[in-house]
Amino acid sequence: MKNVLVAGGGLGGTIVANRIAQKLSNEIDKGEVNVTVLDKDDKHFYQPGFLLVSMGAMEPGETHVPERSVLDRHVKFLSGDKGTMTKIDAANHSISTADGASHHYDQLVLSTGSHLQFDEIPGFTEGADTFFNLEKARDMWKKVQSFTGGKIVVDTAMLPHKCPVAPLEVTLMLDDYFRKKGIREKVQIDYCYPVPGVFGIPNVNRMMTGIFAERGINIHSQFTLASVDAGARKITSKEGESLDYDMLVSVPPHKGAQVIGDSGLGDRRNWIPTDKFTLLVKGHDDIHAMGDTTDIAISKAGSTADYESYTVSHNVAADITGTDGKKTYPGTVFCFIATGMDQATYIKFDYSHPPVPPTPSQIYWWSKLAYNKLYWSIHARTMI
Amino acid sequence: MLEIKLYKTIDATSENCTGPIGELSSAMNDAYVGEGVAILLGDEPTRDDVLVWARRTGNEVAENISEGGKFKLILRKVK
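For the record, the sequence lines run as chains A and B.
Counting along the first sequence from 1, when you hit position 131 you're at 122 in my numbering, and nothing is skipped either side.
Counting along the second sequence from 1, when you hit position 5 you're at 406 in my numbering, and nothing is skipped either side.
Extracted from the complex, chain B is given alone in its bound form:
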């Protein structure tokens, strides 16, 4: 798999007014094209929401794994 330079990792497993997609959208805005942002999520529905958001915004899902009931996605900025 192509090595991706991570801009940052977001722990979005806790309650937060901005929400996981809000945190992610900001980080993807600041990432450079080609860089990735990792996000840790606490439940499957939220993971699915983030996957829909990634498709809608044209960000590539480079990694999608489950770790001990939590979920980790790495999104790569492609444009």
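Bound conformation, chain A alone:
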């Protein structure tokens, strides 16, 4: 019996487990292979939906389902203490879980994701709204609805973070929301970013800087968030700039999973050193890493994990069966970018080809919404 363990039941772990199970279904049926997903949580969240929840464009209940319901029937799923990983022992090819069990693996996929660090910036928890988890996205939507005028600051505390286009999206959605409400002239919007410009890819930076200028959105970059003073409603940057706000919408700092750090597999931010083409953890030929988990200089986005899953699932199955050559990941990423409450553009690129975002239109907005609806029935279950 050979064991494939998938660490993490988020978007990446779920999709890659389903693809592996589909490729190895005969071996699983014959009792020769086990594919098991480990995660403490038994809910599967579609995290890109949180942005839409925070702006009232998606219902909170649409963002999650039971993890078991989207896993292939050939995949075993352990959650709670049974799925809470406490140590990954690469030398002995095993993972320990909180229930005291040890799980041996022949092939391991690490898809443990990125995690929000609200306490890393003084005052952040008390003073900032965010849409990076469901509870806070719901709270933010209440505040957006009741906002009648004043200063809104959209700030990104630190790079990298999941869903890199989200700060652009929320800024432009807020702008459009208040225009449609007829009170845009009463709302000042300031966008703070920790590196020069508003985004890391030159083509996108040029397009978005132009849109920000057209919409009267003020840019503060480079602005590296140092602290939030919730009482005085003021943020201060490491560069020495201070801004007052009435509502602060901020992206918190991110880190890789604690179990990665506890297992000595990551850097100081718990990102795992990973080969950008093979997606193998450096120094380990039986450990694959994907999604937000890696230290690859690539977008931490659901689409990244999805595209990577084709490579990882193929290579895991090839290693288990020994019947096929290996694939490499070309760096493909696709993201819709909302530019308002009813329009969007998109970027698609890979390691060698930069994105050329098209002029924003309603077609891409409806495509974004349609994709969110289809995620559960088609994508998570890897029908495509």
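Hints were generated in silico from the structure; no laboratory data involved.
Heads up, the beta-carbon is just placed ideally off N, CA and C, and yes, glycines get one too.
Take these hints with a grain of salt, some might be off.
What the hints assert, rightly or not - Heads up, simulated DSS-like pairs for lysine-lysine below, C-alpha to C-alpha not over 27 Å straight-line:
#1 A:LYS246 with B:LYS406
#2 A:LYS267 with B:LYS406
#3 B:LYS406 with A:LYS273
#4 A:LYS267 with B:LYS473
#5 B:LYS409 with A:LYS78
#6 A:LYS229 with B:LYS471
#7 A:LYS225 with B:LYS480
#8 A:LYS318 with B:LYS471
#9 B:LYS471 with A:LYS273
#10 A:LYS339 with B:LYS471
#11 A:LYS273 with B:LYS473
#12 B:LYS409 with A:LYS246
#13 B:LYS480 with A:LYS229
#14 B:LYS406 with A:LYS229
Claimed, not checked - Facing chain B, according to a computed beta carbon distance under 8 Å, are these residues of chain A, among others:
#15 VAL156
#16 ASP258
#17 ALA288
Unchecked claim - Derived DEER-like restraints, expressed as beta-carbon distance ranges:
#18 A:LYS172 with B:ASN465: 49 to 55 Å
#19 B:ASP444 with A:GLY47: 37 to 43 Å
#20 B:LYS473 with A:HIS344: 19 to 25 Å
#21 A:HIS55 with B:ILE466: 47 to 53 Å
#22 A:GLY47 with B:ARG456: 43 to 49 Å
The hints should help you fit chain B onto chain A, whose structure is shown.
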């Protein structure tokens, strides 16, 4: 030349939403004072942007070399 302990090496030769300076700023944030971060870059304008960023943020450029059309910088954290 003074030997520098490297915290990490970043391959920023490919397209990436965070961008080379975004990746570098995060690594420099996590590096200890005295440590270096190496970054590989795919073109000269990006190299120049990183040099401007290094000066602005007070990070020392300890190495600046060209290798087969690519560029490698090592920045040392000094404060």
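Comparing the hints with the structure gives:
1. At most 27 Å may separate the alpha-carbon atoms for a hinted pair to count; LYS246 of chain A and LYS406 of chain B meet this at roughly 23 Å.
2. For the given pair, LYS267 of chain A sits about 24 Å from LYS406 of chain B by alpha-carbon distance, which is consistent with the 27 Å threshold.
3. About 20 Å separates the Cα atoms of LYS406 of chain B and LYS273 of chain A, which keeps this hinted pair within 27 Å; it holds.
4. Restraint check: the Cα-Cα separation between LYS267 of chain A and LYS473 of chain B comes to about 18 Å, which is no more than 27 Å; the hinted pair holds.
5. Note on LYS409 of chain B and LYS78 of chain A: the hinted pairing holds, with a Cα-Cα distance of about 24 Å set against a maximum of 27 Å.
6. Distance hint between LYS229 of chain A and LYS471 of chain B is unfulfilled; the C-alpha atoms sit about 31 Å from each other, more than 27 Å.
7. Note on LYS225 of chain A and LYS480 of chain B: the hinted pairing holds, with a Cα-Cα distance of about 26 Å set against a maximum of 27 Å.
8. Restraint check for LYS318 of chain A and LYS471 of chain B: satisfied, since their Cα atoms lie roughly 26 Å apart, inside the 27 Å limit.
9. A distance of roughly 23 Å separates the Cα atoms of LYS471 of chain B and LYS273 of chain A; the hinted pair therefore holds under the 27 Å criterion.
10. The suggested pairing of LYS339 of chain A with LYS471 of chain B holds, with an alpha-carbon distance near 24 Å, which does not exceed 27 Å.
11. Restraint check: the Cα-Cα separation between LYS273 of chain A and LYS473 of chain B comes to about 21 Å, which is no more than 27 Å; the hinted pair holds.
12. Between the alpha carbons of LYS409 of chain B and LYS246 of chain A the distance comes to roughly 16 Å, so the proposed pair stays at or under 27 Å and holds.
13. With a C-alpha separation of about 13 Å, the suggested pairing of LYS480 of chain B with LYS229 of chain A holds against the 27 Å cut-off.
14. The suggested pairing of LYS406 of chain B with LYS229 of chain A holds, with an alpha-carbon distance near 25 Å, which does not exceed 27 Å.
15. A cut of 8 Å between beta carbons decides the hint on VAL156 of chain A: the least distance to chain B is about 7 Å, and the hint holds.
16. The beta carbon of ASP258 of chain A is positioned within 8 Å of a beta carbon in chain B (closest approach about 6 Å), and the interface hint is therefore held.
17. With its C-beta approaching chain B no nearer than about 5 Å, ALA288 of chain A sits inside the 8 Å limit, and its interface hint holds.
18. At roughly 51 Å, the beta-carbon separation of LYS172 of chain A and ASN465 of chain B lies within the given 49 to 55 Å, and the hint holds.
19. Take ASP444 of chain B and GLY47 of chain A: their Cβ atoms lie about 42 Å apart, and the range 37 to 43 Å holds.
20. For the hinted restraint 19 to 25 Å between LYS473 of chain B and HIS344 of chain A, the CB-CB distance of approximately 23 Å keeps it satisfied.
21. A hinted range of 47 to 53 Å for the beta carbons of HIS55 of chain A and ILE466 of chain B is consistent with their spacing of about 49 Å.
22. Distance hint check: the CB atoms of GLY47 of chain A and ARG456 of chain B are about 44 Å apart, consistent with the given range 43 to 49 Å.
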